[in-house]
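Undergrad: Sequence:
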Amino acid sequence: MDFKNTLYTSMRFDFLYVGRYNFQKGWVYPESYIPYCMVRLIEKGRGLFIIDGEEFEVTEGQVVYIPQGCRLFCETSSEDFQFISIRFRLRAQLDASDFLADYYHIKRVTDTGGDELISTYFCQVISFAREGGPSKVFRIRGNLELIIAWLCEHGGNDETCLDDEGQSEAFSAEEVVRRAELVSSRTQDPRINALTEYILAHLDEDLSCSQLAAMVGLSESSLRRLFKKHTGKSPVDYITESRLTVAARRLLVSNEHIAQIAYSVGIGDANYFSRLFRENFGVSPQEYRRSAE
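Residues 1 to 293 in the working numbering are what the sequence shown spells out, letter by letter.
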């Protein structure tokens with residue numbers, strides 16, 4: 001079995017937001033829960049990052065990886081502190097508390113060593129995020145994956161990470177085999193592929209299992225079974241997660257009212273949307289939006 005391919009196909013990176021930030025001495029980001037992953041390229045100055053209680057003095061020419069679900073505190077240590085920050089969500093069918101660090105050994109802080117490639121990847125994400133056109137999403141995603149690949153190459157030893165003889169506390173060889181076989185058993189059914197594409201294009205509509213099942217000539221029970229096998233989620237859970245991921249992106253990049261965003265992704269009740277959002281991201285939509293300030 002090709003473990004590298006199986007692990008790769010089990011993951012999906014959902015880009016949320018990118019920005020270049022410049023802060024003067026005295027800037028403080030109070031300790032907060034972070035409901036997404038971040039990678040930050042330090043371009044100028046020095047700062048202190050505290051990630052889940054662990055302190056890191058960061059400086060120009062370093063990349064910081066901040067895992068989803070951690071608590072983060074930041075402050076400047078120099079007169080001028082500048083970095084590029086990319087926010088994304090990692091969806092992996094191989095469950096782990098911090099999959100990129102636990103299995104791929106990506107470090108919290110990595111020195112670039114003057115490698116211009118990694119700076120180029122970050123700058124490309126910013127550049128493409130400002131552009132329009134149908135290729136934008138693929139260019140952003142491609143450069144984000146190149147950043148993750150670069151961090152992986154500069155983290156733990158590749159043979160240790162991906163050889164089934166290399167075990168860690170989080171992933172024994174037996175557990176990796178079990179999870180990899182589970183993922184590889186999910187055959188690609190064109191009917192489910194068509195439905196997932198339809199769902200993503202019609203999130204603002206009322207989507208029901210009966211409607212989706214009728215579209216591809218399946219009973220509702222067969223649809224739920226195949227959908228679970230193919231995506232790892234029920235149709236309802238897949239629709240909900242997709243709606244919230246799109247809403248999260250719009251919260252960061254637009255000034256629309258929260259109720260308008262909820263309605264645009266097919267959730268007409270703003271209070272219900274807020275409850276769902278908190279259950280999924282750990283913070284309210286208002287708190288999530290303020291995190292971009």
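Think of the hints as simulated: they come from the structure by calculation, not from any bench.
Keep in mind it's a predicted model, so treat the numbers as computed, not measured.
Errors might be hidden in some of the hints.
[Stated by the list, open to error] Here are the in silico distance ranges between beta carbons for each label pair:
#, residue 1, residue 2, range
1, S254, E55, 27 to 37 Å
2, S254, A214, 32 to 42 Å
3, G217, T120, 19 to 29 Å
4, V28, V236, 33 to 43 Å
5, G282, R20, 35 to 45 Å
6, V253, Y33, 12 to 22 Å
7, R46, L200, 12 to 22 Å
8, G217, G114, 20 to 30 Å
9, K107, N255, 31 to 41 Å
10, E256, Y33, 20 to 30 Å
[Unchecked claim] Computed cross-link-like contacts, DMTMM-like style, restricted to lysine to aspartate or glutamate with a CA-CA straight-line distance of at most 20 Å:
#, residue 1, residue 2
11, K233, D206
12, K44, D80
13, K25, D80
14, K233, E287
Ideal Cβ placement from N, Cα and C applies to all residues, glycine included.
Undergrad: Now tell me, hint by hint, if it's right for this structure.
TA: Hint by hint, here is what the structure shows:
no. : hint                     : verdict
1   : S254 to E55: 27 to 37 Å  : holds, 35 Å
2   : S254 to A214: 32 to 42 Å : holds, 34 Å
3   : G217 to T120: 19 to 29 Å : violated, 48 Å
4   : V28 to V236: 33 to 43 Å  : holds, 41 Å
5   : G282 to R20: 35 to 45 Å  : violated, 26 Å
6   : V253 to Y33: 12 to 22 Å  : holds, 21 Å
7   : R46 to L200: 12 to 22 Å  : violated, 42 Å
8   : G217 to G114: 20 to 30 Å : violated, 58 Å
9   : K107 to N255: 31 to 41 Å : holds, 36 Å
10  : E256 to Y33: 20 to 30 Å  : holds, 23 Å
11  : K233 to D206             : holds, 19 Å
12  : K44 to D80               : holds, 7 Å
13  : K25 to D80               : holds, 6 Å
14  : K233 to E287             : violated, 27 Å
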